[in-house]
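Using the numbering used here, the first residue of the sequence shown is number 1, and each one after it goes up by one.
Treat the hints as calculated values from the structure; they're not laboratory data. These figures come from a predicted structure and were not determined experimentally. Be careful, since some hints might not be right.
[Claimed, not checked] Quick list of in silico lysine-lysine cross-link-like pairs, BS3-like style, CA-CA up to 27 Å: (1) K66 - K29; (2) K103 - K122; (3) K73 - K22; (4) K80 - K138; (5) K102 - K84; (6) K84 - K98; (7) K29 - K2; (8) K66 - K82.
[Claimed, not checked] Ranges of calculated distance between the beta carbons of each label pair, as one might list FRET restraints: (9) G101 - M1: 34 to 44 Å; (10) S131 - K66: 43 to 53 Å; (11) N108 - T49: 18 to 28 Å; (12) K46 - G101: 34 to 44 Å; (13) N79 - K102: 38 to 48 Å; (14) N108 - T74: 29 to 39 Å.
A virtual CB, placed ideally from N, CA and C, is assigned to each residue, including glycine.
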Amino acid sequence: MKSLFVISIASPMLVGIYENGKLIESISKEGKTSDILPLIIQNILKQHTIDEIIYVNGPGSYMAIKIAYIFLKTITITNKIKLKSVEGFSVNNNSPIKALGKKYFIKNEDTIIVDFLSEDMKLEVFTLPTSLDNLDFKEGELPEYHLPAIT
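All chains, please: the whole structure from these sequences, using the hints.
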C-alpha cells in the first residue's frame, strides 16, 4: 500500500511517499501551496499508484490548509483514494506553530491556544515521519481552522 503525506502549513512544503507505512521518498519545496502542490502531486501520480493521502489539517496557515484540503479532496474523489488527516503538532514535536504576527498556536494537553512565545519555548521544524505507524490520525478529514483574533 502506498501513502502520500502532505505538510503544507509551513514553508517549505513537505511531501512524503510511503510504502507499507515506511518513508521511501521525500520532497521539500519552497513556494505558495497553490503554485507547487498541484505540480508535486501531478508528478507523483504519474510515477506511483497512491492508495491514501494524509495531510496536516491544522493549525497553521489558513490559506495553505484551505487550498491543500480542497485540492487533495478533489484528487481523492476523482481517483477514489482515501483522505486522512493529522494535527500539525504531531509532525513538529508539539512545538508552537506560527499563527499571526508574533503569535503562535500552542498546544497545552488537548487545548490549542494562541499566544506569544515564552522564553523557554523552543521552535522545531516540521519533519516527515519515517513511519506512519505511530501517527495519531484525526477522526475526520476536514480542516481544523484555529483563527486567532486580530489584535
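query: Can the restraint linking K66 and K29 be considered satisfied, given a maximum Cα separation of 27 Å?
result: Judged against 27 Å, a Cα distance of about 18 Å means the pair holds.
- prompt: Quick one, are K80 and K138 close enough, alpha carbons at most 27 Å?
  reply: holds (20 Å)
- prompt: When you take the CB atoms of G101 and M1, is the distance between them in 34 to 44 Å?
  reply: For M1 against G101, whose Cβ atoms are near 42 Å apart, the range 34 to 44 Å holds.
message: Hint check: K103 vs K122, CA-CA at most 27 Å. Holds or violated?
response: Distance of about 14 Å is within 27 Å: holds.
field: Holds or violated: K29 to K2, with C-alpha atoms at most 27 Å apart
entry: OK: K29 and K2 at ~21 Å, within 27 Å.
message: Can you confirm whether the C-alpha distance between K84 and K98 stays at or below 27 Å?
response: Holds, because 23 Å separates the two Cα atoms, which is no more than 27 Å.
- prompt: Okay, N79 versus K102 on CB: inside 38 to 48 Å?
  reply: Holds: the Cβ-Cβ distance is about 41 Å, inside 38 to 48 Å.
Pairwise hint evaluation, K82 against K66, where the allowed Cα distance is 27 Å at most: Satisfied, since the Cα-Cα distance of roughly 18 Å is no more than 27 Å.
message: Hinted pair, alpha-carbon criterion (27 Å max): K102, K84. Please report holds or violated.
response: This hinted pair is violated, its Cα atoms lying about 30 Å apart.
query: Would the pair K73 and K22 pass a check requiring their Cα atoms to be no farther apart than 27 Å?
result: This hinted pair holds, its Cα atoms lying about 23 Å apart.
field: Satisfaction of the hinted span 29 to 39 Å by the C-beta atoms belonging to N108 and T74
entry: holds (35 Å)
field: Whether the CB-CB distance between K46 and G101 falls inside 34 to 44 Å
entry: holds (40 Å)
Going down the numbered hints, you'll see the structure goes against 5, 10 and 11, while the others check out.
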